[in-house]
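Number of protein chains: 2
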Amino acid sequence: MSLSKGKSHHHKGRYNGKVSTSNLGHSGEDFPEFEPFPDAPTPRAPADDGTYLSVQMVDMCQQLNEPQHKTASYNTPNLVVRRGQEFLVRVTFNRPLAQSDDFQLEFLIGENPSASRGSLMVVTFNSRLGGPWSGRIVGRQGVTVTLGITPTPNAIVGKFRTYVAIVAGTGMQRTKRNAASDLYVLFNAWCKDDAVFLANEAERNEYVLNDHGVMYQGVIEDMATCDWVYGQFERGVLDACIYILDASQMPIWDRGKIMKMLRMGSAMINSKDDNGVCVGNWSDDYSMGRSPLSWTGSVQILLQYANTGVPVCYAQCWVFAGVFNTFLRALGIPARPITNIASGHDSNGNLKIEFIRLPDGSPDDSNTTDTIWNYHCWNEVFIRRDDLPPGLGGWQALDATPQETSDGFNRCGPASIIGIKEGLLCHPFDSGFVFAEVNSDVIFYKQDRYGTLTPYWVNKDYIGKAVYTKSLDSNSPNNITQNYKYTQGSEEDNRTKDRADAYSMEMDQSELPDTTLSISINARQVNLSQDVNLQVDFHNPSDVPKTIQANLAGSVIFYTGVKASQLINHNFTIPVPANQMKSEMVKITADEYMPYLGTQRCLQFVVTGQTEDESVSALKVLNLQIPTLTVTLSGSPQVQQDMFANVTFTNPFNFALKACRLAMEGAGLMSEKTRFYGVIEPQASISCTESFNPRLDGKRCIVAVMDCSNLCEVTSTPSSIILPAVECTNNHSSTV
Amino acid sequence: MSLSKGKSHHHKGRYNGKVSTSNLGHSGEDFPEFEPFPDAPTPRAPADDGTYLSVQMVDMCQQLNEPQHKTASYNTPNLVVRRGQEFLVRVTFNRPLAQSDDFQLEFLIGENPSASRGSLMVVTFNSRLGGPWSGRIVGRQGVTVTLGITPTPNAIVGKFRTYVAIVAGTGMQRTKRNAASDLYVLFNAWCKDDAVFLANEAERNEYVLNDHGVMYQGVIEDMATCDWVYGQFERGVLDACIYILDASQMPIWDRGKIMKMLRMGSAMINSKDDNGVCVGNWSDDYSMGRSPLSWTGSVQILLQYANTGVPVCYAQCWVFAGVFNTFLRALGIPARPITNIASGHDSNGNLKIEFIRLPDGSPDDSNTTDTIWNYHCWNEVFIRRDDLPPGLGGWQALDATPQETSDGFNRCGPASIIGIKEGLLCHPFDSGFVFAEVNSDVIFYKQDRYGTLTPYWVNKDYIGKAVYTKSLDSNSPNNITQNYKYTQGSEEDNRTKDRADAYSMEMDQSELPDTTLSISINARQVNLSQDVNLQVDFHNPSDVPKTIQANLAGSVIFYTGVKASQLINHNFTIPVPANQMKSEMVKITADEYMPYLGTQRCLQFVVTGQTEDESVSALKVLNLQIPTLTVTLSGSPQVQQDMFANVTFTNPFNFALKACRLAMEGAGLMSEKTRFYGVIEPQASISCTESFNPRLDGKRCIVAVMDCSNLCEVTSTPSSIILPAVECTNNHSSTV
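Just so you know, the sequences run in chain order L and X.
If you count the first sequence from 1, position 239 lands on 239 in UniProt numbering, and the numbers rise without skipping.
If you count the second sequence from 1, position 340 lands on 340 in UniProt numbering, and the numbers rise without skipping.
Hints listed in this document are in silico derivations from the structure and should not be mistaken for laboratory results.
Since the structure is predicted, the reported quantities are computational estimates derived from the model, not experimental observations.
Don't take every hint at face value.
A pair counts as met if it fits within one copy or between any two copies, since identical chains are not told apart.
Unchecked claim - Straight-line distance between alpha carbons at most 20 Å, and here's what the computed PhoX-like set of lysine-lysine pairs gives:
#1 K563 / K18
#2 K620 / K563
#3 K12 / K563
#4 K587 / K620
#5 K460 / K620
#6 K421 / K260
#7 K159 / K176
#8 K421 / K460
#9 K658 / K460
Using the sequences provided together with the hints, build the complete structure.
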C-alpha cells in the first residue's frame, strides 16, 4: 500500500512524529545503558560499589515456553509466544534480590517505540504501576528469578526486543541490546479474549498448526486434489511474514488489530498496487518466472520475496490462497483455503453472469465480458467481528487473488460467511462480491439484428456448485456449501435473495418466454491426448414435432472461463418428434484439440438450440486428465534420522516432454529440491532420489510436482509418513 | 487507482475483452456507414434510388432542452441533460416518414460500447423492442421529426455519442460520427428514481446549481469565511471532471453507480496512490507550486489537471473540499462542504486524542502523535443508500483530504451522517473514522519516571465543537452539529456511545483521580503583529490552600495541530488559597512570536498544573487575524455588458510584504486574473482594476486573494452583484 505518508516534507505539518512502519528494520540500542530520571536533579550513573543490582543473564526459556504456547515447531532461535498467555523469563542477577530492589522488563517493537502506542511495554513485578502487560514473580532460586509475563490479548503482533531495567540511584540501568532475547508475539486462537479465539482443539490443530494441506481444483465431476506445503514453521517464514507487513508500511501500532491485518494481508499477497508477494499470470507464457503450476508450496515464494523485496513470478488463485494461508497461520490466525466450484466472476457488480449469443446462436465474444471460473480458491479465517452487529463473527471470506474491482483495489474481505448466507450484504468488506461468486445466475441473451438484447435462458444452479475445504482428519473434501447458502429455492434462500435484492444486488428478474425444449450435454472425462466424445441430447416434451436450429461451440478455455482458442463452431439442424429425445454425437479427436491446448487443459462446450418460438442453451466443461508422479519414501521414519524420497515417472504420451522441472518438498521434512530434464521421450521413464532428515514429528508428506514447457503440470499423489513424537531438544538462553 | 488490469499479457486468460475506462479518449467512427444484418444472406448497401430514407440533420435542441434540465449554465457547445428525464432531438430526413420506415437512435459511451454493459443504448420509436432508454415520437413537421428520449434514472453518466440508424434493405444505414451531436448525461437530483434525488427546490438550487460558496476556517471564537469559486459551469470544467474518471481508469459501466463514483472521487481528488488532482502540502514551503492559501476556487486546478495530466500543487483540506464539491456538483450530485471545528485526528483508530506530558507537566512531543485540527473541511452528498438498511440515506460524509490510514488508502466515505449520529458504525465506508473526528475525547497522560503512562485529565467537550455549512440563503454559517451528534451527555448520546463502544470504537474509560483544581486560559483574539496577552486562572474550590507547580507551553502550530515551533516553555509556582482563584498574566510580544510564524498564524497554549495529589490541564488556540483586501465592482450589472472590479490594499504592518500574488475570479463573471507585486512597503497601498463581461445572471461574486512569500494569505471580503435574468441565446444544431 502506498502509505508513504509522513515521508515527504510536504507533510511536516500534518503528522506529529514519524509513523513507525518497520519491525525487522530496527537495529542498534534503544536506550543509553544508564538513563537518568527526567526529574532527577543530578543525573549520574551510580558508582559500581558492588551493592547495586545488575543482570548477569536473561533466559527466554524457549524449551519451557514453546510447548505451552504450541509454538515449538517454529524453526527460529528466538522464543515464539502467543499473546494473552503467560510466558516465563529467567533473569539471573549478580546477587539475590533484596526487598528494596526495583526492576522492570521492557518489551519494545518498531522504531520510536512509545507506551501510548502499545509499542513499548513496561512490565513491573511489584506494586508499582506498569502495564498493560502484567508481570509476576513465579519463583526465586538463589540469584535467579523466574518471571511470568502475560501480554494483553490485543497486543501488537511481531518481533519485540527485551530489556531488563533496574532502578539505580537517580536513573535506570538497563541491559544491552541482545538479539537472542528477542521475542515473537503471535495471535492466540487458544485465548478466549483474543479476537481469533477458536474453541475446538481439533480445529486449532488443523487451522493454525497444520503446515501441510490440500486445495481442490477442476470441475465438479472431476475434482483434483492439489497438495500444498504451507510450511509456516520453516526457517525464515515467520520473518518473511513480518517482512510483508514492513513492506506494506503498515504502522506498527495497527499490527495487533485483526481486521487491519487481514485487510492488509489480502492486498499484500498479490503484487498489484503495492509490490506485494505474488505476481498473477493467466496466460501461456511463464517464461519470465515459474509457472503457477510448478510450485509445491509457499515457502520458496515467501523466502524469495523477503530476500529480494521483489514480487515473485507467477501465481494463480490457488497459489495466492496457499501463500495467504501460510501468512495467516504463521501469525497465529486460524485459516483455511476453500474452493468454489463454478465461481461467478461478474465484471459488472450485479448477480448476473451474462453470455451474449448472435442471432444464429453462436457466441458473441466481443460483448461477453463475464466469465465462470471452473473453480476459484480463496481463504477463510475464524475471527470475532467486533466491528459488526452480533452474530456475524466466525468464518470470514478473504481473497488475495487480484480481482475485478473490489472497492477499486485488488483485495477482498474479510466478509462474514454468515452474512453472505443470510444476505446481510450491508457490512464490510466486499460481501456482495463474494455473494455473487456463489449465487450469480447464468443468463443467456440473444442479440437481435438491430443490436437489442433479449434474455432467453437462465440457469440458476450452475454457479457456486459446491464449496469445499479440506476435512479435519483427512485430505478428503468437506463440502461446506451450506455455510455459504441455503438450498436453492428454499424459503430461507428466498429470504436471503430478497435481502440481497434490497441491498441493491441486481438479481435476475428476466421474464423469459416459456420453453418446452431442453438440451443436455453428456461426456466422459478423458485423459489428455484421448479423443473426446460428446452426446448432445435434445428433448422435446411437447405434443408437436420441432425442428431445432442448433449451434455447438467448443473452445479451449483457461480455468477462469476465458476462451484461449476456438475449437469448433458447428451449426446443424435436428428434427425432434413430439415427446421424444434425439441425440447428436460429436467427436473431437486429440489431433483436433491438442494443437490448441497450450498449457490449458479445459474444454468448454455450449449448445444453443432454436426453433421459431424458443431458444435454449446448455453448458459443459471437460477437464482433460493428466498423468501422475509416483513418490516412495524409505529409511527410518524418525526425527533426525536419514530418509529417502524416490520419484518415478513414465511419459505416457506419444510426444516428448520438454524442459521438465521436477520439484519436491515436505513441511518439516525437506526444503524444496529440484531436478531438470531437458527431454523425456515418449514412454521413457525417469527416477530420482533425494535424502532428508525429518525435523518435525507427526503425520508428514512429501509433495512432488513436474512441469514441462509443452504441457501443463504433472502432479504427484503425495507420499506421507507418520513420525513418532520426540522431546523438543531446543534450548536457547541468552546472556547479557 | 491502479486499475491497470487487463493491460498486461499476464492477464490474457483473466478477462474476457478489454475493460473500457476512457470516456473522452474515443475518436473515430463506431460503425461502418452501412452495416449488414449478421443474418442477412447477401449483405449489400441498398442502391440509392431516392426512395430510401436518409438523415439530413440532427438537432440536439440545446436551447429547448437545457432550461428543462437546469443545465443552461454549462459553458459547452454540447447538450447537457440529466438522466431519468426526457430530452428532445429533432431529426430532419430527406422525405416525410412513411408507415414502413424503421429507424432507431443509438447512444454510445466509451470504447467498445456494448448493450449488455449499458454503454450502447438502442432507442426505438415503434413497437420494436429497444431499451432500456425509452423513445417516443413527440411531433412531426414535414420532413422533421421531434423525438423524445428518456435515459433510465440509473444511466451511465458521461459524454455519449449519438447516431441515427435506419433499417435499409438488409442492414442498417447510419449517420456519420458528429461531435456536435455528442450528449452529456448527468445525475439528476430532480428525478425521484435517481439515487441522488433531493426533494427540496431551494436545496437543489444551492447544492447542485450554486457555483459559488463559502467554507469556514479558524477557531470557534474567530471563525473566518473563505469564499470559493466552484465554477462547475465554466468552460472545460465538466470535461475535466470526466477526465478525472478516465485518469482513474474507472470502468465506463460503473459510472452510473453513485457509490462507486463517490468512492472513486474521494480517492482521485487527492494525488496520493493514484496521481489524482491535488497534491497535499502542509509545510511552509510551497515554492514548487502555489500556496494552498492562494487559490480563489476550483476552476484553475481542474483545468490544469485535465490539461497536463499531472497533479496540481498544492492543497490543504479546504482546497480538497472545494475541488471535490465542484466535481460533485458538475456531475449533478447534491453536495456541500462542511467544516468541523476542533477536529479530532486520531492516528490510532480509537476515540482518544492523547497528549503525553513529562513529569514536570511539559509536553512530551516525541510520544504525542495525535493532533486536534483547528478545523477540518470535508464534503457531504445527499444520496439514497441502497446498499444499507433503510434509514441511513440522506447526507453522507465524504473526505478527499489524504487522511491517516482509512482502510489503508487515502479516501474516506461515503459514511451515513445518520449512522454516525446513531453510532451505527458497522456500515461502510469509514463511519468510525468520521465518528472519531467529531466525538473523540482529549486525554492528557502523565509519563512517570519509569516510562509508565497514567491518564490525569479528560476533556469530553473539546473535539467536534461545531459543524458548519453555508446557509441556503446567505453566506452565514448554518450550525449542523446536531446532524452529527446528540447533546453531550444526553440519553440519546449515551445510547450512541454505547453502540460505538460495541462496534469496538475504543471509548475513553479512564478512571481519573478526583480533582478539585481547575485551570482556564483567557485571551482576546488579536491581529497579527499585535502582542498576545494571556490570563491563566487557577481555581481552588477546596477548603485547603494549594501550591500549584505549573507549566505553560506555547507553540506556533499548523492548523492541523502539529507544532511548527516552540515559543515558550515556562515553569512557575503559584499558591492558591482555599476557595480562591489566582491569575497569572503572560505576555508574548509580537517580536517574540513573529520570527517563528512562517506562513502559520495559530498559537496554541497548554497549561498544566500539579499539586502533590492532582494534575489538571487547559488548552487554548489563538488565531492571529490578518488584513483584508477591498473589492469594488462598477459598470453596468448586465449579462454581456462591460464591468470592472477594483481591488485595493494597504500594508498595515511595519515590515514589507514580498513576492505578492493577487488573484481574482468570479463564477460566471471572470476567469482567474493575477497580478504580481515584488514588494509592498509598510503602509504602502496597491490598487488594480480588471474588466469583465458577465456570462451568467443571478447573484454573482468576485473573490480576490493575495498571498506573499513572508506572510500567510490576505483575503478579501468578496464583492457581490445581482445580475438580472436573461434569455438563454445559445443555439447549437448539428448537421450530418
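Here is how each hint holds up against the structure:
In this homomeric assembly, K563 and K18 come within 20 Å of each other (Cα to Cα) only across copies, at 13 Å, whereas the closest approach inside a single copy is 50 Å. In this homomeric assembly, K620 and K563 come within 20 Å of each other (Cα to Cα) only inside a single copy, at 14 Å, whereas the closest approach across copies is 67 Å. For a Cα distance limit of 20 Å, the shortest separation of K12 from K563 across copies, 9 Å, qualifies, whereas the shortest one inside one copy, 52 Å, does not. Within a single copy, K587 and K620 get their C-alpha atoms as close as 15 Å, which meets the 20 Å cut-off; across copies the closest is 85 Å, which misses it.
Only within a single protomer do K460 and K620 lie at most 20 Å apart by alpha-carbon distance; the minimum there is 15 Å, versus 64 Å between protomers. Taking the closest pair of Cα atoms, K421 and K260 never come within 20 Å of each other, the shortest separation being 24 Å inside a single copy and 24 Å across copies. For a Cα distance limit of 20 Å, the shortest separation of K159 from K176 inside one copy, 17 Å, qualifies, whereas the shortest one across copies, 67 Å, does not. When the C-alpha separation of K421 and K460 is checked against a cutoff of 20 Å, the pair qualifies only within one copy, where the shortest distance is 16 Å, while the shortest distance between copies is 41 Å.
Taking the closest pair of Cα atoms, K658 and K460 never come within 20 Å of each other, the shortest separation being 43 Å inside a single copy and 72 Å across copies.
Of the numbered hints given earlier, the model fails hints 6, 9; all others are met.
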